[in-house]
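Participant: So the chains spell out like this:
There are 2 protein chains.
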Amino acid sequence: MDAEEFRRRGMEMVDYVANYLENIEQRPVYPDVEPGYLRSLIPTEAPLEPDNYDDIIKDVDRVIMPGVTHWHSPYFFAYFPAATSYPALLADMLCGAIGCIGFSWAASPACTELETVMLDWLGKMLNLPEHFIAGTHGHGGGVIQSTASEATLVTLLAARCKAVRRVQASNPEKSEAEILSKLVAYTSEQAHCSVERASLIGGAMIKKVPTDNNYAVGGDMFKKMLEEDKAAGLIPFYFCATLGTTASCAFDRITELGPICNKENIWMHIDAAYAGSAFICPEFRPLLNGIEFADSFNFNPHKWLLINFDCSTMWVKKREDLIGAFKMEPLYLKHENQESGKKRFRSLKMWFVFRMYGIQGLQAYIRKHVGLAKEFESLVRADKRFEICAEVIMGLVCFRLKGSNRLNELLLKRITKSREIHLVPCQLSGRFVLRFAICAQLRQQSLNTLQTHSPPDLHTHRPKHKQKFHHGTEISKGENTGISIVVRKDSIST
Amino acid sequence: MDAEEFRRRGMEMVDYVANYLENIEQRPVYPDVEPGYLRSLIPTEAPLEPDNYDDIIKDVDRVIMPGVTHWHSPYFFAYFPAATSYPALLADMLCGAIGCIGFSWAASPACTELETVMLDWLGKMLNLPEHFIAGTHGHGGGVIQSTASEATLVTLLAARCKAVRRVQASNPEKSEAEILSKLVAYTSEQAHCSVERASLIGGAMIKKVPTDNNYAVGGDMFKKMLEEDKAAGLIPFYFCATLGTTASCAFDRITELGPICNKENIWMHIDAAYAGSAFICPEFRPLLNGIEFADSFNFNPHKWLLINFDCSTMWVKKREDLIGAFKMEPLYLKHENQESGKKRFRSLKMWFVFRMYGIQGLQAYIRKHVGLAKEFESLVRADKRFEICAEVIMGLVCFRLKGSNRLNELLLKRITKSREIHLVPCQLSGRFVLRFAICAQLRQQSLNTLQTHSPPDLHTHRPKHKQKFHHGTEISKGENTGISIVVRKDSIST
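Going down the list, the sequences are from chains Z and E.
Under our numbering, think of the first position of the first sequence as -11, with each following residue one higher.
Under our numbering, think of the first position of the second sequence as -11, with each following residue one higher.
Just so you know, these hints were derived from the structure itself, not from any lab.
Treat each hint with caution, since some may be false.
The list makes no distinction among identical chains, and a pair is therefore deemed to hold if it is satisfied within one copy or across any two copies.
Calculated pairs, DSSO-like style, for lysine-lysine (alpha carbon to alpha carbon, straight line, at most 27 Å) [stated by the list, open to error]: (1) Lys401 <-> Lys162; (2) Lys162 <-> Lys195; (3) Lys195 <-> Lys170; (4) Lys362 <-> Lys170; (5) Lys162 <-> Lys218; (6) Lys251 <-> Lys162; (7) Lys195 <-> Lys150; (8) Lys46 <-> Lys112; (9) Lys251 <-> Lys195; (10) Lys405 <-> Lys251; (11) Lys372 <-> Lys405.
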């Protein structure tokens, strides 16, 4: 394929992509395939001679699409959103063409530098403390990671390195293995499993702090655990706080936890994977108060800020803490402006999206999602058969039928089988709960743009943004929201 | 931006990309910017209101392009190649549109399944032992990682987990910390720095095995180290062999090393990051002999197999070794076909590239690169002022001016400053050496397609594929290769 053919095929692909996203609600959100479905549809080996391009595109429809869970369907309410937007898709095309591998400044100066500046832009949008902004002379700054899990691992390892050095400084006779065996990391019992995995990788013990009625960790409980562990000769070194837990979007109380961590020389990392994007809105920013105590902070614009995967942004107070933990410089990477980690030119997506939406457009988008969640919450509350299981703060609603877990498992099974909408469950206080996460994005993009110029009108501009939640006959309907809840409880037996 | 505007802007972007790649040789391969150049060219904060799209594209030319190291320029000979191809770019557009996050089968069945089948296709192209092929009932199989470093880390951690369990099975009184402090990983002194980093992360000791005159590790030296370490009470658990080292593309002798590892219960991982792609050619496949002893194997199609970053393919003999080390299943991920790791739909790129080139097209592409390296080698050998520093087996030529390191450092400095070609150095036996890696790809794509249908004619189809290596006046020139070496040695003083 030469440049000329790429021009033709590329334009066809742009059209394919536009059609896919424009008509995505016509596809069943969840695929009707059995494990192993794909293998029988394609040859067992690669072809010796080139295939025909048109056949490949036909096979996308025949082989791939029937097995796709459509994350950008308006009927998708599972997990958390996976961000996407047209400007991000355009930036990604450019990123692919440049195709540099940015592992050092010299490997592509623009890649390194735009990333630093975009993290400053975003840090300022979030009103992060000055020490997280790189500027021209800062000691801190931001960097893009692939996932929040990666950010957790990297900061846990940096904290481990720092803790070992500190202990050895005052106890030079202690071996690293001896110190490692005493290190304890902490996180909420509601934290994402990647925190436990990070500690497993880092070879450090992890303890899970119990949460309160709101599924949040507060200062008292944490303090109590610390005192006990220190008395037992252990060395607390790392606390991963969560702002917006995966299960129920709960917020640890970092204004209480931060001062404790600072006093005890514990690295405080804040994982705000989903909720972090909302902090660009002044009304949600108070939830980030306490950030001034943190050593590192991370969230995923690739979840809720219209920048597609992967784009997980992480800030550290002191860059040298990370560099100190990982620095190794072979000659073929050496350069006066050394950095590390292999990466694509991911900051282009941030640049395109920030500029094409503007801060106000992004804020409107966040508010839209939260508003939709509130609407859904009120519909659930209006039906006495249901209960809301956790405070609705952002775009996630945790709810269930009053009754047994078995009843709710059955409900979810039927919903999944209907393939009309897609949800996943979670467990809260031993109860099986349904998670309803507002996810759809592309329908909202033109809306957002409108909303920057005129007051938001959530209802009239959303004829196609039909968000349904149903199984069986209709029992409750919000006509002007486009959301209908249709659950026939009496058809479900326990 | 709505679907209609995306269609228009997308087509413009396709054209921009095609123009960029078609005329890339007109840009200086290495940018003429100073660190910090970019910050002053753009605002310090994101705009409140949306910017104009045309202004963004103008800024790509004004702000980004002047700071880009053009990895796909025919004048780029640094590091190793970063793969690209038009079919891969098209597949990436589709991947972006689907925008699923494949962390479990349910999250997108097609994503999980195509990946498994593509890894089988590629494994068969490499003629891997049957236990690495997943098929429908295999215990092994392949998975895409982001980088070879990630593959090294993952396998080292799996090996650590397995070793700890094994030791504890026969010595239940030993604590994990105690065992960890005795574990030793091994790798070549020529191995990539990521192996050392992986051991640092995993909290295990690492020892570097000295290499022979060809910069390769053989069995004798490794055996000797093992005996000493075991006598000292250490527990060898992991060996990372390299096929195609970063510095000089040397090959560890895995037929000697493999049986030792198997006998000693040491996990053998093979890192063939760059060279692995070449094993699809029968004439290079013997370099992979010994793979039958390995527990895991990894290489980067995103280096040398026309599939753009990131696509690092890894195979393991027993999938359960990996799953056992990392498995943790919260309810919101639970599914009867559980997997792990968040990923884009990267296997689409493999599918498009394998089908659009065919195995023969990919083989022709590899052979072309090796042929160009051999040509360059013979030009260097023909000039008595230069010396070849390591056997040229694949697309990398390590060479230097006979004389001091200082002389060669000066030479490289001038080459870099001229910005006409881009090279990076390495160190071999204490000597400063220039690495000349064949990298350019897009010029070759139409060639490859031709070569599948007619015998290769390397010279006549390459009018624009001018690969230059020069500074000052010309001293040696291969007219019909397109490569000219132009170094005026007498202008360089020591």
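Participant: Let me make sure I understand: some of the numbered hints might not hold for this structure. Which ones are they, in numerical order?
Facilitator: Of the numbered hints given earlier, those the structure breaks are 1, 4 and 10, listed in rising order.
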